[in-house]
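Novice: The primary structure of each chain is shown beneath.
2 protein chains.
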Amino acid sequence: MLKGKQTWWFNNKPVIIGAATVVGPDEGDGPLADDFDLVHPQLDMQQKSWEKAERLLMEQAAEFAIQNAGIQKSQLEFYFGGDLLNQIISSSFAARSLGVPYLGMFGACSTSMETLAAASMLVDSGSANYVMAGVCSHNCTAEKQFRYPTEYGSQKPPTAQYTVTGAGAAIVAASGNGPVVECATIGKVIDLGIKDPFNMGAAMAPAAVDTITAHFNDTGRSPKDYDLIVTGDLASVGHPIAKELLQRDGVKMEDTIFKDCGLMVYDINKQKVQAGGSGCACSAVVTYGHLLKKLRSGELNRILVAATGALLSPLSFQQGESIPCIAHAVAISGKG
Amino acid sequence: MLKGKQTWWFNNKPVIIGAATVVGPDEGDGPLADDFDLVHPQLDMQQKSWEKAERLLMEQAAEFAIQNAGIQKSQLEFYFGGDLLNQIISSSFAARSLGVPYLGMFGACSTSMETLAAASMLVDSGSANYVMAGVCSHNCTAEKQFRYPTEYGSQKPPTAQYTVTGAGAAIVAASGNGPVVECATIGKVIDLGIKDPFNMGAAMAPAAVDTITAHFNDTGRSPKDYDLIVTGDLASVGHPIAKELLQRDGVKMEDTIFKDCGLMVYDINKQKVQAGGSGCACSAVVTYGHLLKKLRSGELNRILVAATGALLSPLSFQQGESIPCIAHAVAISGKG
Numbered sequence: 001m002l003k004g005k006q007t008w009w010f011n012n013k014p015v016i017i018g019a020a021t022v023v024g025p026d027e028g029d030g031p032l033a034d035d036f037d038l039v040h041p042q043l044d045m046q047q048k049s050w051e052k053a054e055r056l057l058m059e060q061a062a063e064f065a066i067q068n069a070g071i072q073k074s075q076l077e078f079y080f081g082g083d084l085l086n087q088i089i090s091s092s093f094a095a096r097s098l099g100v101p102y103l104g105m106f107g108a109c110s111t112s113m114e115t116l117a118a119a120s121m122l123v124d125s126g127s128a129n130y131v132m133a134g135v136c137s138h139n140c141t142a143e144k145q146f147r148y149p150t151e152y153g154s155q156k157p158p159t160a161q162y163t164v165t166g167a168g169a170a171i172v173a174a175s176g177n178g179p180v181v182e183c184a185t186i187g188k189v190i191d192l193g194i195k196d197p198f199n200m201g202a203a204m205a206p207a208a209v210d211t212i213t214a215h216f217n218d219t220g221r222s223p224k225d226y227d228l229i230v231t232g233d234l235a236s237v238g239h240p241i242a243k244e245l246l247q248r249d250g251v252k253m254e255d256t257i258f259k260d261c262g263l264m265v266y267d268i269n270k271q272k273v274q275a276g277g278s279g280c281a282c283s284a285v286v287t288y289g290h291l292l293k294k295l296r297s298g299e300l301n302r303i304l305v306a307a308t309g310a311l312l313s314p315l316s317f318q319q320g321e322s323i324p325c326i327a328h329a330v331a332i333s334g335k336g
Numbered sequence: 001m002l003k004g005k006q007t008w009w010f011n012n013k014p015v016i017i018g019a020a021t022v023v024g025p026d027e028g029d030g031p032l033a034d035d036f037d038l039v040h041p042q043l044d045m046q047q048k049s050w051e052k053a054e055r056l057l058m059e060q061a062a063e064f065a066i067q068n069a070g071i072q073k074s075q076l077e078f079y080f081g082g083d084l085l086n087q088i089i090s091s092s093f094a095a096r097s098l099g100v101p102y103l104g105m106f107g108a109c110s111t112s113m114e115t116l117a118a119a120s121m122l123v124d125s126g127s128a129n130y131v132m133a134g135v136c137s138h139n140c141t142a143e144k145q146f147r148y149p150t151e152y153g154s155q156k157p158p159t160a161q162y163t164v165t166g167a168g169a170a171i172v173a174a175s176g177n178g179p180v181v182e183c184a185t186i187g188k189v190i191d192l193g194i195k196d197p198f199n200m201g202a203a204m205a206p207a208a209v210d211t212i213t214a215h216f217n218d219t220g221r222s223p224k225d226y227d228l229i230v231t232g233d234l235a236s237v238g239h240p241i242a243k244e245l246l247q248r249d250g251v252k253m254e255d256t257i258f259k260d261c262g263l264m265v266y267d268i269n270k271q272k273v274q275a276g277g278s279g280c281a282c283s284a285v286v287t288y289g290h291l292l293k294k295l296r297s298g299e300l301n302r303i304l305v306a307a308t309g310a311l312l313s314p315l316s317f318q319q320g321e322s323i324p325c326i327a328h329a330v331a332i333s334g335k336g
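One line per chain: the protein sequences are A and B, in this order. One point on numbering: in UniProt numbering, the residue at position 66 of the first sequence is 66, and numbering is uninterrupted. One point on numbering: in UniProt numbering, the residue at position 79 of the second sequence is 79, and numbering is uninterrupted.
Simulated from the structure, these hints should not be mistaken for lab results. A few of these clues could be false.
[Stated by the list, open to error] To give an idea of the chain B side of the interface with chain A (calculated C-beta under 8 angstroms), a few residues:
{"id": "1", "residue": "Glu-51"}
{"id": "2", "residue": "Ile-88"}
{"id": "3", "residue": "Ser-92"}
{"id": "4", "residue": "Ser-127"}
Don't be surprised by glycine CBs; every beta carbon is placed ideally from N, CA and C.
Generate the whole structure from the sequences, applying the supplied hints.
Specialist: Here it is, written out as structure tokens:
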């Protein structure tokens with residue numbers, strides 16, 4: 001395995017042999033609706049709590065991913081999972097249903113690519129043939145925990161983001177057909193002192209820039225090596241900041257190749273989602289639902305997904321702390 | 001790398017070249033006091049909040065581990081960290097101070113061995129030369145978050161456990177002197193329906209048994225292959241249950257080799273700690289402070305640390321859910 005300062009190279013070419021995404025009604029009203037395996041028409045998914053609904057999303061995404069990969073549940077060897085809830089209960093309860101050896105991870109919304117990087121590392125090492133990476137989030141569990149229960153109807157500033165209701169799972173295998181995970185750049189915590197939890201995009205933009213820059217330095221690649229570079233959930237406030245910061249560092253990103261999952265999952269001009277989508281399901285459902293299909297079809301050849309995460313808690317916010325942020329980037333190629 | 005169903009074998013022999021532990025006053029009053037690098041005489045560590053105190057523990061353990069390993073901070077390539085707090089803020093804020101690429105993990109009290117397993121996997125793969133695994137917990141942050149603020153003085157049943165105030169960190173390297181991480185057995189989520197958060201030991205015992213049994217099955221080893229097998233924090237209620245469950249499965253564990261970190265870190269007859277210690281720092285400070293020294297001196301040749309975790313949240317408890325539990329076991333040998 002080659003060495004990059006922050007980058008893991010996967011020389012044995014772990015393959016995403018199957019993936020699945022399950023979403024809620026708002027995502028089903030968005031531009032990527034046709035790319036998801038299942039769209040729930042109601043936010044509660046006929047469950048008795050928002051938390052049970054979120055768990056169901058993860059369980060369904062896992063089941064569909066296993067089916068789409070063409071393997072049996074019993075062949076799945078490890079599950080790297082995470083979510084936004086305290087003590088990542090959605091993932092842990094889903095792991096109980098799955099019955100697979102489980103490693104919980106937390107990187108806020110960056111957990112999507114953190115788990116994919118870890119799963120790919122494990123497969124690449126030769127320790128496992130089939131490993132699942134999966135994350136989930138639910139608008140109402142996130143609002144209730146991080147801000148106010150949605151039932152209060154509290155208003156938000158336009159810089160706020162809208163947590164994606166959904167789950168995405170990918171099965172990484174030692175061999176098979178599908179897009180190949182080439183390498184992963186693990187982020188450092190970056191904190192420029194922003195304290196406003198209603199402006200996560202601005203807080204996370206410098207972390208995205210730091211990781212994307214590290215990725216280019218470690219790999220010798222540049223934007224022209226990618227058909228698409230997406231950030232996780234910087235949305236309409238953070239994404240232009242990231243673009244400008246990269247430009248200042250001498251990295252020019254064309255609008256045609258530099259996009260953001262939070263701006264892709266919703267039509268922010270028509271849907272009431274403030275600045276755009278967020279949540280660990282945001283980059284997961286866009287990557288595993290939308291982008292992998294384009295890699296399989298050949299419409300895209302190689303992409304970089306830089307999932308961003310704001311590592312705050314309600315308590316750290318209440319105690320006056322700023323928001324530490326991180327981004328993990330994974331490069332995926334359509335051809336092995 | 002050999003294959004075991006749940007077990008990762010580290011054939012390139014990653015070495016723990018240095019480790020450090022920092023604890024609070026209760027641990028300093030316990031039987032292992034002399035094994036810790038630093039004992040704080042006060043629970044607040046002169047910080048303005050319990051959370052800041054917990055973060056300081058982690059930062060200090062990381063600094064001392066780097067020193068003890070004889071490396072420069074700039075040589076450290078990745079940090080796998082976790083803790084018990086919502087959104088693992090102690091680890092993420094410590095990662096901000098460290099400035100090292102960071103992967104957050106959560107497995108409740110099992111995070112100690114989860115992070116050590118992941119760090120060892122990464123080093124074994126050849127992707128990094130120096131990786132830190134570290135966890136922390138603080139009695140007052142845990143009580144405040146999971147139960148009641150300690151200032152309330154609420155009483156507890158004798159089955160309850162006492163969260164260890166401390167942090168432990170280990171530097172895993174591709175080569176060097178020190179105990180070798182041989183393999184790690186990753187646990188499944190086990191939930192037998194226990195709902196009492198004041199009886200975590202009983203809830204976690206079956207998870208410990210499941211992982212220890214899987215470890216023996218995967219590796220072909222038995223208790224006689226180890227000088228010591230420790231569970232993470234089953235304490236005085238859970239540990240005898242684990243012993244009995246293993247006995248029923250035909251695995252006889254002698255008292256001389258089967259111990260529990262929660263019973264080692266305190267003198268439960270003298271100290272007011274109910275059934276014994278818990279928290280992710282429990283197994284971390286016992287392993288990294290006490291047991292590694294015995295492996296280095298040759299007093300122990302090979303140990304298995306099966307760190308246990310209760311994956312509940314206050315919310316899942318309030319919603320009437322039972323407690324999903326997990327255990328991750330790491331085998332460490334004094335000789336390479």
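Novice: For every hint, state whether the structure bears it out.
Specialist: Status of the hints after comparison with the structure:
| no. | hint | result |
| --- | --- | --- |
| 1 | Glu-51 | holds, 7 angstroms |
| 2 | Ile-88 | holds, 5 angstroms |
| 3 | Ser-92 | holds, 4 angstroms |
| 4 | Ser-127 | holds, 5 angstroms |
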